[in-house]
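Colleague: Sequence:
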Amino acid sequence: MGTPVNSRRRILSREASEDENMMMMMMIKEADAKFNARKASFAEAKEACVKKMVRQQQEVDELLGKQAADQVDELLEKQAADQDILEDLEEKYIDAVHSIDHLETEKTLLVYEVERLRDMLESTEEELAELHRKNTQLHRV
168 MGTPVNSRRR ILSREASEDE NMMMMMMIKE ADAKFNARKA SFAEAKEACV
218 KKMVRQQQEV DELLGKQAAD QVDELLEKQA ADQDILEDLE EKYIDAVHSI
268 DHLETEKTLL VYEVERLRDM LESTEEELAE LHRKNTQLHR V
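Our numbering puts the last residue of the sequence shown at 308; the count rises by one with no breaks.
What the hints contain is simulated information worked out from the structure, not anything from laboratory work. Careful: at least some of the hints might be erroneous.
The calculated label-pair distances, taken between Cβ atoms and stated as ranges, are [stated by the list, open to error]:
1) His265 - Lys245: 28 to 34 Å
2) Val239 - His265: 37 to 43 Å
3) Lys245 - Ile267: 29 to 35 Å
4) Ala247 - Gln225: 28 to 34 Å
Ideal Cβ placement from N, Cα and C applies to all residues, glycine included.
Construct the complete structure from the given sequences, taking the supplied hints into account.
Modeller: Dropping the structure here:
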């Protein structure tokens, strides 16, 4: 047995005249041409659809890329701001350390001054006590 087209041709040729066979063959060719045109049209539509999907995916990727780039930029800006804050805090820390050093030095000087004044007071009290004793002895005599 042959293909369906061949069997159609055989059937046509047995039962119909030559003109009818030609018309039938033309109709079959037209139907085949329409089928092939539709098939090509569907292939073109499919290709256009695939291209559109690829383009849309690229647009999404670009958008996501831009969003990612924007997020990276935001992170870099935040990092720069954090770096500025960190530098400011470091400067304040150094100023605080210097202030503490200055205050400790001042405290040491004040403690020394207090000790010196205590020594002077003690010495003055001893002198006063000695003078009281001498005064008491002089008045007794």
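Colleague: When the structure is checked against the list of hints, which entries are broken? Sort them ascending.
Modeller: Every hint satisfied by this model.
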